[in-house]
Amino acid sequence: MLLQVENLEVKYGNIQALHGISFHVNEGEIVTLIGANGAGKTTSLYSITRLPPPEAPRVIGGDIKFRGESILKTRPSDVVRKLHLALSPEGRRIFGNLSVMENLKLATYSRAKNADLDHEYERIFELFPRLKERRNQRSESLSGGEQQMLAVGRALMTGCKLLLLDEPSMGLAPVLKYELFRKLKQLNEEGMTILLVEQNANLALHLAHRGYVLDTGNIAAAGTSEELLGNPEVKKAYLGG
Amino acid sequence: MDFIIQNVLNALQWGSFYALIALGYTLVYGVLRLINFAHGDIFMVGAYIAFFVSGFLLGPVIGLSPAMAFAVTVPLTMALTSLVGVTLERIAYRPLRRKGAHRLYVVITALMCGLILEYSNLAVLGASRLKFPELIEKQIWHLGGVTLTNLKVLVIATAIVVFLFLQWVVTRTRVGMAMRAISYDKFAIPLMGIPSDNIIVFTFILGSGFAGLAGLLFAMSYPVLEPFMGMLIGWKAFIAAVVGGIGDIKGAFVGGFLLGFIEVGVVTVFPSTYRDLFAFTILLLILWMKPTGLFGMPQSTKI
Chain X
1 MLLQVENLEV KYGNIQALHG ISFHVNEGEI VTLIGANGAG KTTSLYSITR LPPPEAPRVI
61 GGDIKFRGES ILKTRPSDVV RKLHLALSPE GRRIFGNLSV MENLKLATYS RAKNADLDHE
121 YERIFELFPR LKERRNQRSE SLSGGEQQML AVGRALMTGC KLLLLDEPSM GLAPVLKYEL
181 FRKLKQLNEE GMTILLVEQN ANLALHLAHR GYVLDTGNIA AAGTSEELLG NPEVKKAYLG
241 G
Chain E
1 MDFIIQNVLN ALQWGSFYAL IALGYTLVYG VLRLINFAHG DIFMVGAYIA FFVSGFLLGP
61 VIGLSPAMAF AVTVPLTMAL TSLVGVTLER IAYRPLRRKG AHRLYVVITA LMCGLILEYS
121 NLAVLGASRL KFPELIEKQI WHLGGVTLTN LKVLVIATAI VVFLFLQWVV TRTRVGMAMR
181 AISYDKFAIP LMGIPSDNII VFTFILGSGF AGLAGLLFAM SYPVLEPFMG MLIGWKAFIA
241 AVVGGIGDIK GAFVGGFLLG FIEVGVVTVF PSTYRDLFAF TILLLILWMK PTGLFGMPQS
301 TKI
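As you go down the protein sequences, you meet chains X and E in turn. For the first sequence, counting from 1, position 38 maps to 38 in the numbering used here; every step adds exactly one. For the second sequence, counting from 1, position 230 maps to 230 in the numbering used here; every step adds exactly one.
Keep in mind the hints are simulated off the structure, nothing from the lab. Worth double-checking, as some hints may not be accurate.
[To be verified] Listed below are the simulated BS3-like cross-link pairs for lysine-lysine, each with C-alpha atoms no more than 25 angstroms apart in a straight line:
#: 1; chain 1: X; residue 1: K105; chain 2: E; residue 2: K99
#: 2; chain 1: E; residue 1: K99; chain 2: X; residue 2: K11
#: 3; chain 1: E; residue 1: K99; chain 2: X; residue 2: K73
#: 4; chain 1: X; residue 1: K183; chain 2: X; residue 2: K105
Next comes chain X alone, as it looks inside the complex (with noise of 0.2 angstroms):
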C-alpha cells in the first residue's frame, strides 16, 4: 500500500471536518474522493500535503501512512521533497507573475542537479503541446485549460511518484474536461499512482479504478468504479439519478 489513511480526524479552527475515516492507494491506481462541497474532500489531501501553519489543518486523532510510516510529523516541503507526493490544487494556483517555462523550472527547485531535467520538460510538452507553444507567456494569460495542464505539469516535474488532483475539472469546458482525463489515464498507464478529488463523481469514476464517497467528513460508501456507479444510492446523490 503506497498511502494509507487512517481513522482521520481533522479540525479546521473549531469546526471538525473529518471524522474519522480511512481510505488507502496502492501503487499503480488511479483513486477518487467523491462527493459534494464541503463533504471534507480537499480537507483530505491538506491533511496529507499539509500547509505552512497557520491554514494548516489540524489533525487530532488517526494516522496517514506513507509505505507504511506516519507521515504526520513531516514537513510540508519534505512531503514534496523527501517522500515524492505533489498536489496540484485546488483553483491551480500557479504562479501568474512568472512564464509557464519558469513554473515548471521552480518544481524542480528541490530535486538534485543532475537529474535528467530536460527529458521530464520534454515529456510534459508531449503531454501537453499546448504548454510547449506558450512557454515563455506569462503564465496568468494562459486560458483556464492551460492553466490546469501547467498546474498538473507543474506537479509532475517535482518528480513525484504519487500525484494528488484537487479538482483539475472545475472551471473547464467539456472538451478540455476529457482530454484533460485522457492525459490522465495516459499517465496512469505510463506508471504514475493518483489520488483524484472530484465533484464530477461521473468522469471521476469513469477514469479511476476504485472510490470512495465522502459526505460531511464520514466515508458513505467506497469499492471498485464499477460497484459505485451501479450503487443505486450514489446513482441517486452523485451521479443525477
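Fit chain E to the supplied structure of chain X, relying on the hints for placement.
Frame of chain X, contents of chain E only:
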C-alpha cells in the same frame, strides 16, 4: 557645465546610498508583503559593525594595513549585518507569521525592532558620536572644474554592481524565481518542495547584507556615527522604494537615484533648508499621479 557634472556626481552618490537601502525594503516587501521599518536601523547597525570590525583589524592585535582592513571589512560587515537582519526575522517576524498575525501587527513589530536597535545602541555605547577610521586613502581627481574622489566612484560603482547582481539573482536563478513566486502565492510554495522560510531568510540576507555595505560606505564617506543615523535616511530610502514601485528592484534603484537628483537639484537652486520639503513634495506629486509607483503594478488582492 562643470557645475552641472559636479552636481550630477553628487546626486549619483546620494542616490546610490538611497538605492542600496531601498532595495532591502523592496526585497522584503516583495516576499512577505511586510514593510520592514527596522531596515534603516539595520543600515545604522551595519555602519557600527564596520566601525568595530575595521577598528579591530587596524588595531594592535591584528594590525592590518588600511587597504587590507578594508578588503576584509567589506565581506565581514555584510555577513554580520545579514546575521542581525536574519535574527530579527527569526525572533520577531517569524513567530508572528506562525501565529497568523495581521500584517499591521508585524509592521508595528518592525517599527519597534528599529527603535530597540537605536536605543540599545544608545544604552550600550552612549550618546557620543564615533569617528570612523580612514580605510582607503582619499584621492581627489580634478577633471577641469569637476572634483572626483575615489570614494565617490566606489559608492556609485557599488550601487550599479549590486543592481546588476540582484537583477541576475531574481531573473536567472531558481531562488530568485522562488522569491518572485512567493510574492504571488505563498501558499503554493511548499507544494513545490520549497521551504518558504529558506526563501525568506535568503531575502533578509540579501537586504541586510547590502544595507551593511551601504552603512560601511556611508561611514567612509561621512565618518561620524550616531545611533539615529539610520532613521531619516531609512525613511527616505523607504519613500524612494515606494515611489519606484515597492516590490520591484528596478523601482528601488530608480526611486533612490531620483531622490538623490531631486535633493541635489533643490539645493543648487534653493537654500539647503528647503531640501527635504521640496524633495518630499515632489515625491508626493509623483505618487499622486501614479499611486503604484513608477514601476509598480496595481496590487491584485489574491486569496
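Hint-by-hint comparison with the structure:
no. : hint             : in the structure
1   : X:K105 to E:K99  : 31 angstroms, violated
2   : E:K99 to X:K11   : 17 angstroms, holds
3   : E:K99 to X:K73   : 19 angstroms, holds
4   : X:K183 to X:K105 : 21 angstroms, holds
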